[in-house]
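Going line by line, the protein sequences match chains A and B. One gets the working numbering by counting positions in the first sequence from 1 and adding 45 to each. One gets the working numbering by counting positions in the second sequence from 1 and adding 134 to each.
Please note: incorrect hints may appear among the correct ones.
Okay, the calculated beta carbon distance ranges per label pair [claimed, not checked]: (1) A/His-171 to B/Leu-421: 30 to 38 angstroms; (2) A/Ser-97 to B/Asn-389: 42 to 50 angstroms; (3) A/Asp-227 to B/Leu-421: 51 to 59 angstroms; (4) B/Ala-387 to A/Ser-174: 49 to 57 angstroms; (5) A/Trp-77 to B/Ile-429: 23 to 31 angstroms; (6) A/Ala-191 to B/Tyr-274: 49 to 57 angstroms; (7) A/Trp-77 to B/Ile-313: 49 to 57 angstroms; (8) B/Asn-224 to A/Thr-153: 34 to 42 angstroms; (9) B/Ile-309 to A/Ile-75: 47 to 55 angstroms; (10) B/Phe-236 to A/Arg-169: 28 to 36 angstroms.
None of these hints come from the bench; they were simulated from the model. Just so you know, even glycine gets a beta-carbon here, dropped at the ideal spot from N, CA and C.
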Amino acid sequence: MNDIAIKLENITVRFRIPHEKIPTFQEYAIRWLKRHSVNYSDFNALNNISFSIKKGQTFGIIGSNGAGKSTLLKVISRVIRPTQGRVFLRGRIAPLLELGAGFDYEMTGRENIFLNGAVLGFSRKHIASRIEKIVEFSGIEEFIDAPVRTYSSGMVARLGFAVATDVQPEVLVIDEILSVGDIDFQKKSAERILEYYNNGSTILVVSHNPASIRQLCTHVIWLEHGCIKTMGPVDDIINDYSSPLS
Amino acid sequence: MRRRCTDAFKRRLFKNNVIVNANSAFIVTVRRQVSTLIMLEYDSSNRPPPVIDELIQLVHYRDLIFLMVENIIKNRYKRSVLGIFWMLLNPLLQTIVLTIAFGAMFKSSLPNYAIYLLCGLLAWNFITQTTQYAMSTMAYGGGLLKRVYIPRATYIVAAVGNGLINFLVSIASLIIIAIFLAHPITLTWLFLPVSILILAIFALGFALLLSTSSVFFTDTVDIYQVLIQAFFFLTPIMYPSSILPIELSRLLAFNPFLILIDIFRIPIYVNQLPSVDLIISSILLALMTLAAGWIMFTKKADQIAYRL
Chain A
46 MNDIAIKLEN ITVRFRIPHE KIPTFQEYAI RWLKRHSVNY SDFNALNNIS
96 FSIKKGQTFG IIGSNGAGKS TLLKVISRVI RPTQGRVFLR GRIAPLLELG
146 AGFDYEMTGR ENIFLNGAVL GFSRKHIASR IEKIVEFSGI EEFIDAPVRT
196 YSSGMVARLG FAVATDVQPE VLVIDEILSV GDIDFQKKSA ERILEYYNNG
246 STILVVSHNP ASIRQLCTHV IWLEHGCIKT MGPVDDIIND YSSPLS
Chain B
135 MRRRCTDAFK RRLFKNNVIV NANSAFIVTV RRQVSTLIML EYDSSNRPPP
185 VIDELIQLVH YRDLIFLMVE NIIKNRYKRS VLGIFWMLLN PLLQTIVLTI
235 AFGAMFKSSL PNYAIYLLCG LLAWNFITQT TQYAMSTMAY GGGLLKRVYI
285 PRATYIVAAV GNGLINFLVS IASLIIIAIF LAHPITLTWL FLPVSILILA
335 IFALGFALLL STSSVFFTDT VDIYQVLIQA FFFLTPIMYP SSILPIELSR
385 LLAFNPFLIL IDIFRIPIYV NQLPSVDLII SSILLALMTL AAGWIMFTKK
435 ADQIAYRL
């Protein structure tokens, strides 16, 4: 149990899709007057998912659009709480899916480092002690006191990456292969991810590209319609996934 | 297996043959020890009841709340030259206009009408603007709640913090008018921190109730706007309660807004401490609203990310 980083037991996430309009008091009142019950149907975005990932493993999550990959990541990063089942996660998770979540484009880069850091759960004191390093890594020292609305999208992503990965997380979630900023920054960010990997971080990669999954991951989870289709070592699965006849 | 994978990692990530400095074993050990010390665990089936859990999380994320309030205020006044004066100007102008319109009408029953009016307006504006702001930030700014984990109540607490600062600043306009009209500023003003705290507790509870409702029923905002307009005229803010017929004023004793406005207005306008009855009933009202709002919000909080 001690070497488990992530464990999911019978996870089900059920969304409720109302068949008609957006829910309002007005709708309810009209329905109530007409003696109609409100029409709902349930949709299981994830269906009875169980697996566990050991510390330091690299897992790829594959599957077509709408297969439940994002929902799975949201459950793991506790953005949504599962309808049923249990999620267990040891350590801090750094989702690199939402770089710069909570950025306020009117504020300066420096102010946004604090804000984004706070969104990720760091104290102001902690960020203050790390700010030089973060700014240095992002490589935008020149513009750090300019409002973020004046930044290019690459600069915003660089700043977000620098904040999110400043402290080594126990679990790192990567969407596709990181393509943050220019070539130099991509190299720098890859270096950092590799360093964390070597230091024992567990890594989850979401991708549609079989080639990058094959190269990055030891194991693969293949999701289809909210269920695990197959799961196992990368070599056993990825050929089926990439072959169009499967 | 691991080795092969690391090589693949390198090949994939370092097309230009960048050499990676492997960390020395020492640093790795130290880092591992540090990370064990601050090891966090998340277990979705083993957590405190939501009512407590949300509070623990809010305390953990307190810096986020402070930063949010700071940023709202910085943003609002950064680009305007008059800056903080706008905060004072708005209630001052409102008071002047309404005093010109109604001041003469209540000359005998309400001397220094401007003071009476402004006290009511400030308390009223604090409650209504805070709740409306909380609802709209949940509805429009709540996208963040769908993308990363932050405590669900963050936005609402920040909205109340922001409203509280506006309220405190606008009290300066009250002092300006009091000095201008030679209205006595007495020791009873020292009761005001208690009044403001009661108002803030009520506003937080009310905002939690309304925000929860607005996530599930999107027309809550519209319904609230109409009701609040009606209550503005049903509550003695612009007029003395003595002008109401007896039956109506008996009903008004149950108007929660009147209790809240009185607890703030009496120490300033009448220069007396509020009666013990009023103090107790307003504290009870505030605490019960907060308890109801907190319980309802935390109970529904898990569904918010689904619904927003």
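To see whether the hints hold, each was checked on the structure:
Range check, A/His-171 to B/Leu-421: about 34 angstroms between beta-carbon atoms, so the 30 to 38 angstroms window is met. For the pair A/Ser-97 and B/Asn-389, the supplied restraint of 42 to 50 angstroms is violated, since their beta-carbon distance comes to about 57 angstroms. Take A/Asp-227 and B/Leu-421: their Cβ atoms lie about 56 angstroms apart, and the range 51 to 59 angstroms holds. Taken as a hint, the range 49 to 57 angstroms holds for the pair B/Ala-387 and A/Ser-174, whose Cβ atoms sit roughly 56 angstroms apart.
In this structure the supplied range 23 to 31 angstroms holds for A/Trp-77 paired with B/Ile-429, their Cβ-Cβ distance being about 26 angstroms. Judged by the Cβ atoms, the range 49 to 57 angstroms given for A/Ala-191 and B/Tyr-274 is violated: they are separated by roughly 26 angstroms. In this structure the hint that A/Trp-77 and B/Ile-313 lie 49 to 57 angstroms apart at CB holds, the actual value being about 56 angstroms. Our hint of 34 to 42 angstroms for B/Asn-224 and A/Thr-153 is violated, since their Cβ atoms are close to 28 angstroms apart.
For the hinted restraint 47 to 55 angstroms between B/Ile-309 and A/Ile-75, the CB-CB distance of approximately 51 angstroms keeps it satisfied. At roughly 47 angstroms, the beta carbons of B/Phe-236 and A/Arg-169 sit outside the given window of 28 to 36 angstroms.
The structure fails to meet hints 2, 6, 8 and 10 from the earlier list, while all remaining hints are met.
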